[in-house]
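Order-wise, the sequence lines are chains A and B. Just so we're aligned: 291 in the numbering used here is position 276 of the first sequence, and the numbers increase by one with no gaps anywhere. Just so we're aligned: 494 in the numbering used here is position 192 of the second sequence, and the numbers increase by one with no gaps anywhere.
Bear in mind the hints are in silico, worked out from the structure with no lab data behind them. Be a bit skeptical, because a hint or two may be false.
Distance condition first, Cα-Cα at most 27 Å in a straight line; then the derived DSS-like pairs of lysine-lysine [what the hints assert, rightly or not]: (1) A/Lys146 with B/Lys453; (2) A/Lys146 with B/Lys483; (3) A/Lys146 with B/Lys657; (4) B/Lys417 with B/Lys613; (5) B/Lys614 with B/Lys353; (6) B/Lys706 with A/Lys146; (7) B/Lys453 with B/Lys586; (8) B/Lys724 with B/Lys713; (9) B/Lys359 with B/Lys380; (10) A/Lys236 with B/Lys706; (11) B/Lys353 with B/Lys713; (12) B/Lys628 with B/Lys417; (13) B/Lys457 with B/Lys614; (14) B/Lys586 with B/Lys482; (15) B/Lys453 with B/Lys374; (16) B/Lys547 with B/Lys706; (17) B/Lys434 with A/Lys146; (18) B/Lys586 with A/Lys146; (19) B/Lys434 with B/Lys628; (20) B/Lys586 with B/Lys657; (21) B/Lys586 with B/Lys628.
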Amino acid sequence: MKHVQGWLLLLPAAILLVAFTHYPAAATLFDSFFSTGTAVRPSRFVGIANYAALADDPVFWQVLRNNAIFALATIPTSMALAMTMAAWVNGKLPARALVRMSYFTPTVLPMIAVANLWLFFYSPQIGLLDKITGAFGAPSHNWLGDPHTVMACLAVMTVWKEAGFFMIFYLAALQSLPPELAEAARIEGASRWYFFRRVTFPLLMPTTLFVLVNATLNSFKLVDHLFILTKGGPDNASNLLLYYIYQVAFSFFDTAYAATLTVVLLALLAGLAIAQFQLVERRVHYR
Amino acid sequence: MRSILAIATAALIGLVAPAARADTELTFYYPIAVGGPLTKVIDGLAAQFEKENPGVKVHPIYAGNYDDARIKALAALKAGQPAQLSVLFSIDLYELLEQDVIVPWDDVASTADDKAWIRSFYPALMANGTYKGKVYGIPFQRSTIVLYWNKDAFKEAGLDPERPPANWDEMRTMARKLVKKDASGNVARWGVEVPSTGYAYWMFQAFARENGQDLMNRDGNKTNYDNPDVVAALQYWRDLGARDKVMPEGTVEWGTLRQAFTEGKTAMMWHTTGNLTAVKDTAKFPFGVAMLPAAKQRGSPTGGGNFYLFKKTTPEERKAALAFVKFMTTPERAAEWSIATGYVGTRPDAYETPKLKEYAASFPQAVVARDQFQFATPELSTFQTGRVRKLLDDAIQASLTGQKTPADALKAAQAEADRLLKPYR
Chain A
16 MKHVQGWLLL
26 LPAAILLVAF
36 THYPAAATLF
46 DSFFSTGTAV
56 RPSRFVGIAN
66 YAALADDPVF
76 WQVLRNNAIF
86 ALATIPTSMA
96 LAMTMAAWVN
106 GKLPARALVR
116 MSYFTPTVLP
126 MIAVANLWLF
136 FYSPQIGLLD
146 KITGAFGAPS
156 HNWLGDPHTV
166 MACLAVMTVW
176 KEAGFFMIFY
186 LAALQSLPPE
196 LAEAARIEGA
206 SRWYFFRRVT
216 FPLLMPTTLF
226 VLVNATLNSF
236 KLVDHLFILT
246 KGGPDNASNL
256 LLYYIYQVAF
266 SFFDTAYAAT
276 LTVVLLALLA
286 GLAIAQFQLV
296 ERRVHYR
Chain B
303 MRSILAIATA
313 ALIGLVAPAA
323 RADTELTFYY
333 PIAVGGPLTK
343 VIDGLAAQFE
353 KENPGVKVHP
363 IYAGNYDDAR
373 IKALAALKAG
383 QPAQLSVLFS
393 IDLYELLEQD
403 VIVPWDDVAS
413 TADDKAWIRS
423 FYPALMANGT
433 YKGKVYGIPF
443 QRSTIVLYWN
453 KDAFKEAGLD
463 PERPPANWDE
473 MRTMARKLVK
483 KDASGNVARW
493 GVEVPSTGYA
503 YWMFQAFARE
513 NGQDLMNRDG
523 NKTNYDNPDV
533 VAALQYWRDL
543 GARDKVMPEG
553 TVEWGTLRQA
563 FTEGKTAMMW
573 HTTGNLTAVK
583 DTAKFPFGVA
593 MLPAAKQRGS
603 PTGGGNFYLF
613 KKTTPEERKA
623 ALAFVKFMTT
633 PERAAEWSIA
643 TGYVGTRPDA
653 YETPKLKEYA
663 ASFPQAVVAR
673 DQFQFATPEL
683 STFQTGRVRK
693 LLDDAIQASL
703 TGQKTPADAL
713 KAAQAEADRL
723 LKPYR
């Protein structure tokens, strides 16, 4: 009887999880072994043909490479920035609430709104960026229209948007650190940098792991800005995996291939999360 | 407890059981891709139609942009939700055919009057809605590309402000004169800009058509990307930026170009007529609207949305849908719609209405798109249209950014398009 009650309590959450997470994931995997069906051409079992097509698809490899670059460019920077900002606003400074809020503001804005703002920052000639570089006599540059600069532009915007969010976690962690540690360090004559390096930073490691996992997931999940800024262009130079999945599913209507790409994305994210937890967990807790 | 249960059951039954209804109900999805309070206009028209046609209820559902509208309409149909007709992208035709969800309007247009109505639109607007001689799409919100030019900039550069470029060579030489540099040698104003993000294929269709080529056949199963004239067209576009330096090198953003033009950062731009009202409202200088310049001939693709009729409909619903679409496309309403949006009047007699005549007299830029129809070509649309179109978009952007030569880029795109379209031949 106890069992029944326990299961009943779990039921609402379980139903939601199964209906909206586990079943779709399983169905996606299942669909990736079939061809895309239309009314005229019904779907049929094709084995791993979709995966073979994926291996041959140059755009897939390009978006994967883009995603790796995007992750490497945004994650360490936004985390370092978040930690610095948190340390700064954790101290005593005038108008602290205002400073904290202004760091957090970009996070509150919807990505679509942010992208629309930055679209005008990056516009050649009329954009803010060009006005600034122009003041130093640099020629106008087509920031989003040049395959060499487009990824950097997206990365800068994402760091700006994300750092404030991660700062909140670091700030919460910093405030939970016992103040005696700082006092003891001061009495012992440890420099602030030494204290940060040997005490604060190690104590923040669990937060860092949490933020790292989130940042990694976000670097694959965040594609809203592409709809506004570049649509993955020029010539896929800024296309990311999830946006490519959207294109394949809703503009090419190739649901089977989209399912295949989704399976790859899921596997990739699951693999990354497991690796992060297993590898980092070992040395994350301060002893 | 029991009474609560009874009430709940009754409520449930009331929800599930179909209400007895004598009315024919029409649900239609429509996209809006330009600015302005247009949902109100559509709701107003639907209400007016209901008043004139007792016994028919119309539920218009605003569904976002063209992609969203297609996805929502198809999802609704798949889920068994009622939708009898929709305004969808004119180039969705082949996709809708392949999903087997639409029927031709000819099947419901039985009377001579109905048949005459189908033939009352500009032929240029019918091409995207016709497959194997049957009309599936009735033009509603349709646009085309025109050239906007800044008359003040022309005057400043010593050009006749009333004479836009008539051909490619003129556009290039005029654009050279129009480029303005500041003291440190940086460009303060470009000669001409053609957007190449988002709708690159659409802009390129104009170049190709002007150079004498269409990019696809009328059965939607063959593309013409690697034709030498098409390659030459892309070379011309690339050269405007890379060699002649009259356009920014790389891709030009669709969304911010209008502002660049109204702020005087480019003297000419190619853009959709759908932007006409917005440019009119924000430009602080006199501007002109002209047909696109010619190479071998003039040319511009059409674009925009058509009315489609869905297959899963009863004969009564089809009749009501026909009446509704006829109501929505009368000359007077086509004229009002054109004035409110900048979309083109879809039929010649719309331009004969007093309203549009008056508007055209005070704002002659409004009729340029109509005059260009005689040179129009249907928008790029094939089977597997999303992929085939993206191949071209990528090829164009690869050329404009200098990653590939136009010949290489288009040849690769054509090979891939051939592979995709072979099953449909």
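Hints, verified against the model:
Distance hint between A/Lys146 and B/Lys453 is fulfilled; the C-alpha atoms sit about 25 Å from each other, no more than 27 Å. Restraint check: the Cα-Cα separation between A/Lys146 and B/Lys483 comes to about 15 Å, which is no more than 27 Å; the hinted pair holds. As the CA atoms of A/Lys146 and B/Lys657 are separated by approximately 44 Å, the hinted pair breaks the 27 Å bound. With a CA separation close to 20 Å, the supplied pair B/Lys417 and B/Lys613 stays within the 27 Å bound.
For the suggested pair B/Lys614 and B/Lys353, the alpha carbons sit about 26 Å apart, so the restraint of at most 27 Å is met. Distance hint between B/Lys706 and A/Lys146 is unfulfilled; the C-alpha atoms sit about 30 Å from each other, more than 27 Å. At most 27 Å may separate the alpha-carbon atoms for a hinted pair to count; B/Lys453 and B/Lys586 meet this at roughly 11 Å. Pair hint B/Lys724 plus B/Lys713 holds up; C-alpha atoms about 16 Å apart against a cutoff of 27 Å.
Distance restraint check for B/Lys359 and B/Lys380: the Cα-Cα separation of roughly 22 Å lies within the 27 Å cut-off, and the hinted pair is therefore satisfied. Distance check on the hinted pair: A/Lys236 and B/Lys706 sit about 31 Å apart at the alpha-carbon level, beyond 27 Å; violated. A C-alpha spacing of about 56 Å is found between B/Lys353 and B/Lys713, which places the hinted pair above 27 Å, so the restraint is violated. Among the hinted pairs, B/Lys628 with B/Lys417 is consistent with the structure: their alpha-carbon atoms are about 11 Å apart, no more than 27 Å.
Distance restraint check for B/Lys457 and B/Lys614: the Cα-Cα separation of roughly 59 Å exceeds the 27 Å cut-off, and the hinted pair is therefore not satisfied. A distance of roughly 19 Å separates the Cα atoms of B/Lys586 and B/Lys482; the hinted pair therefore holds under the 27 Å criterion. For a cut-off of 27 Å, the pair hint linking B/Lys453 to B/Lys374 is broken: about 43 Å separates their Cα positions. For a cut-off of 27 Å, the pair hint linking B/Lys547 to B/Lys706 stands: about 19 Å separates their Cα positions.
Only pairs whose Cα atoms come within 27 Å are accepted, and B/Lys434 paired with A/Lys146 is rejected, the gap being roughly 54 Å. Taken as a hint, the B/Lys586 and A/Lys146 pair is honoured in the structure, with Cα atoms around 21 Å apart against an allowance of 27 Å. Between B/Lys434 and B/Lys628 the CA atoms are separated by roughly 23 Å; this keeps the pair inside 27 Å, and the hint holds. The straight-line distance between the Cα atoms of B/Lys586 and B/Lys657 is roughly 26 Å, inside the 27 Å bound, and the hint therefore holds.
Under the criterion of a C-alpha separation no larger than 27 Å, the hint pairing B/Lys586 with B/Lys628 is inconsistent with the structure, at around 39 Å.
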